[in-house]
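2 protein chains.
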Amino acid sequence: MKRIRVAVDMDEVIADTYGAMLNWLRHRHGARWSTEALHGRQIFDVLELDTAEALRTAMHDGAFFANLPVIEGSQAALSEIAARYELFVTSAAMEFPNSLGPKFLWLRRHFPFVEPLNIVFCGDKSIISADCLIDDNARHFKRFAGQGIVFSSPHNALVSGYPRIHRWDEALAVLSDVFPGAL
Amino acid sequence: MKRIRVAVDMDEVIADTYGAMLNWLRHRHGARWSTEALHGRQIFDVLELDTAEALRTAMHDGAFFANLPVIEGSQAALSEIAARYELFVTSAAMEFPNSLGPKFLWLRRHFPFVEPLNIVFCGDKSIISADCLIDDNARHFKRFAGQGIVFSSPHNALVSGYPRIHRWDEALAVLSDVFPGAL
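Heads up: the protein sequence lines correspond to chains B and X, in order. Every letter in the first sequence is one number past the one before it in our numbering, and letter 181, counting from 1, is 761. Every letter in the second sequence is one number past the one before it in our numbering, and letter 14, counting from 1, is 594.
Check before you lean on any hint, since a few could be wrong.
Copies of the same chain look alike in the list, so a pair counts if it fits in one copy or across any two.
When the alpha-carbon atoms are kept at most 20 Å apart in a straight line, the in silico SDA-like pairs for lysine to any residue are as follows [unchecked claim]:
no., residue 1, residue 2
1, K722, L627
2, K722, R583
3, K582, S732
4, K582, H640
5, K722, L635
6, K722, E666
7, K582, G726
8, K582, H607
9, K722, A672
10, K582, V739
11, K722, D711
12, K722, L687
13, K722, R585
14, K722, A617
15, K582, A725
16, K722, D641
17, K582, L602
Honestly, the hints are just simulated from the structure, not real lab data.
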């Protein structure tokens with residue numbers, strides 16, 4: 581039987597890019613940017629134009645992505661997913677091309693059990709052939725042929741219509757619901 | 581009607597990586613490596629172990645990929661493909677992670693009409709969801725769900741069983757054969 585293929589996004593799903601962005605904002609602009617202020621909204625939709633541009637400039641330096649914290653529970657969960665399903669990590673990275681090398685090295689360091697050949701850097705995720713995609717951006721699900729599964733992040737708090745993983749310790753149970761009898 | 585999606589490989593298809601490898605070998609080891617010597621064989625299968633290792637080391641420096649020559653006719657052909665089909669460039673890049681950034685910049689420089697969101701760096705190309713894949717490595721076709729199309733390179737001279745593009749000026753005709761009536 582063909583194994584179920586699970587694709588997992590990187591930023592704000594296994595890498596705490598969001599936290600690093602908030603830290604950058606707080607460091608430059610004080611405490612006014614909180615997780616609460618971003619409830620249901622994309623960070624770049626909330627910022628003033630010059631702040632957004634300064635943040636983008638910081639992110640164009642690949643170093644921004646080299647030392648991102650790992651999202652809690654993601655290593656244990658992905659290790660279990662890799663044992664039960666066919667695991668790919670699929671990251672939309674083309675907006676910040678200098679992040680490509682640092683992202684690859686970050687994955688090798690923190691997720692050494694993910695096969696390098698199963699790492700994908702892309703833009704439009706409709707190119708991904710997988711049974712499901714665990715991603716914080718539901719916009720990627722619109723043209724994706726498989727099942728979208730939302731991974732919770734403040735900006736997607738208002739998104740509905742997809743199975744949702746709130747924390748990584750729920751992931752195996754959600755996958756078992758989506759693919760009953762697959763194991 | 582949904583547009584036909586055409587995925588095109590990079591190395592030895594639009595970027596003359598093979599020529600750069602031969603140049604590197606000739607520069608270090610003289611004229612013994614010719615295109616003829618590599619007829620039907622992968623370059624790394626032909627080299628002595630220490631030469632292969634030295635070449636891999638050179639390729640791990642991203643600079644190797646920064647200034648590759650463009651394969652003749654590929655810019656005009658891809659421009660026409662982008663006008664008629666949905667074009668993605670899908671490169672297996674994970675063996676040489678330092679090539680990721682230089683490859684992206686190379687594409688932007690030589691193929692500015694390729695949408696950045698339609699660029700994919702991957703390893704196992706079974707992750708690619710496309711109607712066809714133009715690639716010099718037929719091994720990628722084994723698990724690819726769409727139609728594989730071989731792009732000629734000395735190493736694949738003995739490969740059969742797939743439509744073949746010998747030079748880029750044949751590409752549109754081959755695609756019209758593979759997808760009749762798609763335009």
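Status of each hint after checking the structure:
no.	hint	verdict
1	K722 to L627	neither (26 Å within a copy, 47 Å between copies)
2	K722 to R583	between (24 Å within a copy, 16 Å between copies)
3	K582 to S732	neither (29 Å within a copy, 32 Å between copies)
4	K582 to H640	neither (40 Å within a copy, 35 Å between copies)
5	K722 to L635	neither (28 Å within a copy, 43 Å between copies)
6	K722 to E666	between (22 Å within a copy, 17 Å between copies)
7	K582 to G726	both (15 Å within a copy, 17 Å between copies)
8	K582 to H607	neither (49 Å within a copy, 47 Å between copies)
9	K722 to A672	within (15 Å within a copy, 26 Å between copies)
10	K582 to V739	neither (31 Å within a copy, 27 Å between copies)
11	K722 to D711	both (14 Å within a copy, 19 Å between copies)
12	K722 to L687	neither (27 Å within a copy, 27 Å between copies)
13	K722 to R585	both (19 Å within a copy, 17 Å between copies)
14	K722 to A617	neither (26 Å within a copy, 49 Å between copies)
15	K582 to A725	both (17 Å within a copy, 13 Å between copies)
16	K722 to D641	neither (30 Å within a copy, 38 Å between copies)
17	K582 to L602	neither (41 Å within a copy, 40 Å between copies)
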